[in-house]
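2 protein chains.
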Amino acid sequence: MKLENWLFASAAAAPERLALIAGGERLTYSQLEHRAASAARRLAGLGAGRGKRVALVLEGSAEYVVLLHALTKLGAVAVPIDPRLAGGELDSRLELAEAALVIRAVEEVSDAAEREAPLEPRVDQDFPHCVIFTSGTGGSARPVELSYGNHVWSALGSAVRIGVDARDRWLCCLPLHHIGGLAIVLRSAIYGTAVVLERFEAGAIGSLIRSEGVTLISLVGTMLARLLDAGAELDRLRCALLGGGPVQQGLIERALASGVPIAPTYGLTEAASQVTTLAPGEAGRKPGSAGTPILPAEVRISDGAILVRGPNVAAGQIGPDGWLRTGDRGRVDADGHLYVIGRGDEMIVTGGENVSPEEIEQALSEHPAVTEAGVVGREDPEWGEAVVAAVVLKEGASASEPELREFCRERLATYKVPKRIGFVERLPRDAQGKLRRKEISLPRN
Amino acid sequence: MKLENWLFASAAAAPERLALIAGGERLTYSQLEHRAASAARRLAGLGAGRGKRVALVLEGSAEYVVLLHALTKLGAVAVPIDPRLAGGELDSRLELAEAALVIRAVEEVSDAAEREAPLEPRVDQDFPHCVIFTSGTGGSARPVELSYGNHVWSALGSAVRIGVDARDRWLCCLPLHHIGGLAIVLRSAIYGTAVVLERFEAGAIGSLIRSEGVTLISLVGTMLARLLDAGAELDRLRCALLGGGPVQQGLIERALASGVPIAPTYGLTEAASQVTTLAPGEAGRKPGSAGTPILPAEVRISDGAILVRGPNVAAGQIGPDGWLRTGDRGRVDADGHLYVIGRGDEMIVTGGENVSPEEIEQALSEHPAVTEAGVVGREDPEWGEAVVAAVVLKEGASASEPELREFCRERLATYKVPKRIGFVERLPRDAQGKLRRKEISLPRN
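In order, the protein sequences belong to chains A and B. When the letters of the first sequence are read in order and numbered with my numbering, they come out as residues 823 to 1267. When the letters of the second sequence are read in order and numbered with my numbering, they come out as residues 823 to 1267.
Hints may be right or wrong, so weigh each one.
Listed below are the simulated DSS-like cross-link pairs for lysine-lysine, each with C-alpha atoms no more than 30 Å apart in a straight line [to be verified]:
no. : chain 1 : residue 1 : chain 2 : residue 2
1   : B       : K1238     : A       : K824
2   : A       : K1256     : A       : K1216
3   : A       : K1238     : A       : K1256
4   : A       : K1216     : A       : K1241
5   : B       : K1256     : B       : K1216
6   : B       : K824      : A       : K824
7   : A       : K1216     : A       : K1108
8   : A       : K1108     : B       : K824
Think of the hints as simulated: they come from the structure by calculation, not from any bench.
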């Protein structure tokens, strides 16, 4: 199946609609289309072309979005890479991605001369669109190639679950080298709706939502917590997509109590973003659910592991049985709702029992003195792995280790109760706010 | 690709959302799912099953919608047939459709006993969903088989162009044996939004829009004119999809002046409804346009004829070159907007020139004394076909035949000017308000 260039199609359907607000610039679809076509000809002058991989090692900006669309017009494959990576790590990614051209500053393109190049009006749905490195909290980053069809199906499934409004403005404060951020830019272009691009800073985001009439936002748990702390009027949104791993239920309840239209979602790079999403308005009725599969994705649990199938899944990541093995663990209830238990590679095996760190973190965070908790396994001669926890206490609150262990004992099976609990000032998290359990270190008590 | 049963999926995602308002009944998705599963078991008791065609010769009702969904649960193929057809015509359609079971009254199903039957949780996108007879204004009706994938793609393309809101209520006042009506029921089930089913009666529709909070409506030109005449508050809607053939520009302007969010569309049974749709808000900027193709349909003009390609097109209707020949005529502008000139089979050939009746009707309707006009070709020894017109004058207005011919001469090429113009009280139209040009008869002046 052939797909029309999504930016061209949206510019044809509604040229005067707002497409992008970023760094003081406001572009309509007609303007964005024009800028992208010009940038495409400049990129062609730099050697970009059909099927060639072009690495974008850039901070988010209006021009970054222009370049992403420009590459689609050449049929070149975008490889967005985190610009904050250290030299060796960056080189290794560029090599893994087999990048033919590397853009490290937007001026490299804007200063280049235009060259006549055929701009692709349509593309086969199986044609590669981009290569994204999975942010994986543990292990090294892997490149995942996503096709145009992967993105379009993801966007359509999201449209049906979350809705689409011509006046939508989706605030993108996730990095563009992350599928969560990139997918906002792509699906907005597919819908013909606007992206508001801004770095995450809790105070600024709050006022941006009001001043720019933002209707949609994508967040991970930590961002949500910070925005609630900062008093951002998230209840003005029509939907706040909440992903990036299981979110502690207390936070969801706090958001619901503030009238935030939370839509928890389970997604991953290999599935071009969302796999399941809870419909806005359903979070109160289905605590802990990450929703049902978006059309036409399928989810199956095999031995506790989450498997995914559908046209949104990267072809290169599919197993011989047709399913993607996500490495995450979960369960599906009778209504088809997915409950994510945790990342498979962070499962703790203690005394032969599988223990999910999230479950214990959840229990600890229910204690009135606890803000958040991180749980890991530590090598132990007796248990294989021993469950240990790092806990952040609320300001001014106090709790002792024995008290918290007793609290866990009332709520968890004995083997799940942490053998040691240490108190820390903060938990290590990555740029997207995801807990980095591998980096948790406990103080000597 | 496999698709989950759309009703089941929407009931799982948001069971308490309203699904259907019809004949005094209000059903949530959970209730509709339950009713459809029960009806499926009763239909199984009557012999319906996977791949079997089941004719529904029924007036629109809540139970009709239940039966449509029940058939999807059995993998049976729905054949909705106009219940007002005369015996011979009905028999010929039942034979053409190869119906294994014919339902002529909803009680035949509700009175039947349930039988245990496997309810299909998912279906391949290529599996047949229904057989629809094209309403074709001329010639005899042809059966068109549409697949699940045809409907899903149509619904997704429509979602992106028109938007989707969880609170949407789509008023269906087109018959369910017509693709325009059926598609409302199907896409609403796919989105998990509500259908308000009601027979078209201009006065009643107006108050229903207000009392039920209708947000969307599908209309043909005549319905729109009647609703405007009746003072219906169409400006409360977020979109009024306007299809069923080219609509006279004066009517569109009248609607725009009243604040109606008109979205002209070009669609046909063979493409599972919309092919191109003008985004709401664009009608003022692009007069005469039927919009750009909805994702991922393609439109091409060959020798003035409209060709269509895409996953929404019925497989059985595709030519050897992969394109559907619609039989309609049009042009595409530089921005990719489609302008429909007329139905190919009603093109008049006069003195070797092709003349579109719509173009002449449009010119006549611009005369201040004219309400509407119907133009046809009449066998003529001199011209092959002679252009003749039937005109309805506005109440109290008057105009002579020579005056109107002179009016046309100022606006049209000489060979397009009607050789004869007759005055009539009304024009023959079908149930959907489409002009039946074959039935136009001119009075002897």
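So, going through the hints one by one against the coordinates:
| no. | hint | verdict |
| --- | --- | --- |
| 1 | K1238(B) with K824(A) | 40 Å, violated |
| 2 | K1256(A) with K1216(A) | 20 Å, holds |
| 3 | K1238(A) with K1256(A) | 22 Å, holds |
| 4 | K1216(A) with K1241(A) | 22 Å, holds |
| 5 | K1256(B) with K1216(B) | 20 Å, holds |
| 6 | K824(B) with K824(A) | 20 Å, holds |
| 7 | K1216(A) with K1108(A) | 28 Å, holds |
| 8 | K1108(A) with K824(B) | 26 Å, holds |
Checked against the numbered hints listed earlier, the structure breaks hint 1 alone; every other hint is satisfied.
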